Every structure is written in C-alpha cells, then in structure tokens.
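Knowing the structure of chain Y, use the given hints to seat chain U on it.
So the sequences go chain by chain: Y and U. Taking the working numbering, the leading residue of the first sequence gets 360, the next gets one more, and so forth. Taking the working numbering, the leading residue of the second sequence gets 298, the next gets one more, and so forth.
These aren't lab readings, by the way, just hints derived from the structure by calculation. Quantities reported herein were computed from a predicted structural model and do not represent experimental measurements. Do not take every clue at face value.
Cross-link-like lysine to aspartate or glutamate pairs, in silico, DMTMM-like; alpha carbons within 25 angstroms at most [said to hold, decoys possible]:
| hint | chain 1 | residue 1 | chain 2 | residue 2 |
| --- | --- | --- | --- | --- |
| 1 | U | K368 | Y | E403 |
| 2 | U | K319 | Y | E403 |
| 3 | U | K334 | Y | E442 |
| 4 | U | K334 | Y | D369 |
| 5 | U | K339 | Y | E461 |
| 6 | U | K405 | Y | E461 |
| 7 | U | K354 | Y | E442 |
| 8 | U | K365 | Y | E461 |
| 9 | Y | K370 | U | E336 |
| 10 | U | K334 | Y | E377 |
| 11 | U | K339 | Y | D422 |
| 12 | U | K339 | Y | E403 |
| 13 | U | K365 | U | D324 |
| 14 | U | K355 | Y | E461 |
| 15 | U | K405 | Y | D445 |
| 16 | U | K339 | Y | E427 |
| 17 | Y | K437 | Y | E377 |
| 18 | Y | K399 | U | E336 |
| 19 | U | K368 | U | D346 |
| 20 | U | K319 | Y | E461 |
| 21 | Y | K399 | U | D314 |
| 22 | U | K339 | U | D324 |
| 23 | Y | K399 | U | D324 |
| 24 | U | K339 | Y | E442 |
| 25 | U | K405 | Y | D369 |
| 26 | Y | K399 | U | D381 |
| 27 | Y | K399 | U | E299 |
| 28 | U | K339 | Y | D369 |
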Amino acid sequence: DARVTQTPRDKVTEMGQEVTMRCQPILGHNTVFWYRQTMKQGLELLAYFRNRAPLDDSGMPKDRFSAEMPDATLATLKIQPSEPRDSAVYFCASGMSGGNTEAFFGQGTRLTVV
Amino acid sequence: GENVEQHPSTLSVQEGDSAVIKCTYSDSASNYFPWYKQELGKGPQLIIDIRSNVGEKKDQRIAVTLNKTAKHFSLHITETQPEDSAVYFCAARAVRNFNKFYFGSGTKLNVKP
Numbered sequence: 360d361a362r363v364t365q366t367p368r369d370k371v372t373e374m375g376q377e378v379t380m381r382c383q384p385i386l387g388h389n390t391v392f393w394y395r396q397t398m399k400q401g402l403e404l405l406a407y408f409r410n411r412a413p414l415d416d417s418g419m420p421k422d423r424f425s426a427e428m429p430d431a432t433l434a435t436l437k438i439q440p441s442e443p444r445d446s447a448v449y450f451c452a453s454g455m456s457g458g459n460t461e462a463f464f465g466q467g468t469r470l471t472v473v
Numbered sequence: 298g299e300n301v302e303q304h305p306s307t308l309s310v311q312e313g314d315s316a317v318i319k320c321t322y323s324d325s326a327s328n329y330f331p332w333y334k335q336e337l338g339k340g341p342q343l344i345i346d347i348r349s350n351v352g353e354k355k356d357q358r359i360a361v362t363l364n365k366t367a368k369h370f371s372l373h374i375t376e377t378q379p380e381d382s383a384v385y386f387c388a389a390r391a392v393r394n395f396n397k398f399y400f401g402s403g404t405k406l407n408v409k410p
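Just chain Y, with the same shape it has in the complex (with noise of 0.2 angstroms):
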C-alpha cells in the first residue's frame, strides 16, 4: 500500500530552535508539496519541487523556513529559528507531474512551538 510518510508525527519545541520535518515521497512520484494547515489560513502551499528541483516556494518564509530535496525519496522542511506563529499542521504530498493526477498526502507533523 503505498503511502506518504511524514516525521514526526508530532513536534513540540521552544521558539528559537531548529525544526526539520521529513517527507518521503511515494516511489516513482516525481513532485511533491509541503502544506502549512492552520485553523485561520486552511492549506497553505509553501513549496513545490518537481524532479527534486524548486519550482515554486513563494508561499514559504524565506527568512526562516527552507525545504530540500536530498534525494528522490526524501523531503524536507526546516524552519530556523522557530517561533510561535510557526505551530500548524504541515503536510507533504507527492504525486506525478503531466496531466491531470492527484496529490497524495502524508499523515501531517503536527508542530507545536512554545
């Protein structure tokens, strides 16, 4: 059953430290999506990479926040220094580039900023 897998799960850190979150795509994805989900903004796109490369990260705060791609099977979403507005949900999605497909979503970390 191919699924996202997202980790942690759940983060509670103090404001002022580092934060990576992991993504792992499904295999073969060629795209994938971080989401910010707060109760106020919905889902908000913060990235998007296709092939691994940054297309888009308009919606991501470049002061603190980066998003990588290592390799094909792994995401990720740092933010550095943390703060307290930073607590959401943040999902990664994966899904096939062309044509018209669906994004696939991970479980969510649940990020909570103290």
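Structure of chain U alone, referenced to chain Y:
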C-alpha cells in the same frame, strides 16, 4: 493566480439526507478538480475528482458536477452516514502556475445520527 472559494464552511445534516458543497475558481485554464476528505488527525484523502472535459462524475453515494462556463463545481453526497462526518476540501489545479493545487477553505460536515 488561481483562487478557490468554498461554501458553506460548516454543514449539518441528518443521517440519510443529502449534502452539497460548492466551490468556485477563478482561472479558466484550471483543468483538474479533486475533492479531499480529511478526518481528525489525518491527512486529506482523495474521494473523487473531475477533469475539465467532463461535466459530471459519480461514485456510489458521491458525485461531482462541473460547470466550466460559470467556473464552479460541487460535491454531492447522498444518503449521508455518520462516517461521512469530516472536513471536505475542494481544489483546482492551476495549469498556468506550475500545475499547483489551490485549495478551498474547507467545509466541516456533521452528519447527525
């Protein structure tokens, strides 16, 4: 860019009744419209989708309709059951913007037994 609006934000129905959720989009070039269901503590899961060359699609109790001229699409759930209670998101895939998905704000559906 694309803008997707979704209504209502909350919907409460009696078990067995139908539920309808509506979305509008702004970019006429968008060509793929998935609907996701999100249960508490889980990621969104695709339940049905429709492509721009089709006006309606049905899968058992759920159906989606698309009106390209008016740029709106709707999710219809018939014979609702308590397990249909969840948050539902519509989305549009923006061809003109790297094929990114733009999501509506979500509808919290409550099916009362």
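We went through each hint and held it up to the structure:
no.	hint	in the structure
1	K368/U x E403/Y	holds (22 angstroms)
2	K319/U x E403/Y	holds (20 angstroms)
3	K334/U x E442/Y	violated (30 angstroms)
4	K334/U x D369/Y	holds (21 angstroms)
5	K339/U x E461/Y	holds (17 angstroms)
6	K405/U x E461/Y	holds (22 angstroms)
7	K354/U x E442/Y	violated (44 angstroms)
8	K365/U x E461/Y	holds (19 angstroms)
9	K370/Y x E336/U	holds (20 angstroms)
10	K334/U x E377/Y	violated (32 angstroms)
11	K339/U x D422/Y	violated (29 angstroms)
12	K339/U x E403/Y	holds (17 angstroms)
13	K365/U x D324/U	holds (10 angstroms)
14	K355/U x E461/Y	holds (17 angstroms)
15	K405/U x D445/Y	holds (24 angstroms)
16	K339/U x E427/Y	holds (24 angstroms)
17	K437/Y x E377/Y	holds (7 angstroms)
18	K399/Y x E336/U	holds (18 angstroms)
19	K368/U x D346/U	holds (15 angstroms)
20	K319/U x E461/Y	holds (19 angstroms)
21	K399/Y x D314/U	violated (29 angstroms)
22	K339/U x D324/U	violated (29 angstroms)
23	K399/Y x D324/U	holds (24 angstroms)
24	K339/U x E442/Y	holds (24 angstroms)
25	K405/U x D369/Y	holds (23 angstroms)
26	K399/Y x D381/U	holds (23 angstroms)
27	K399/Y x E299/U	holds (19 angstroms)
28	K339/U x D369/Y	holds (12 angstroms)
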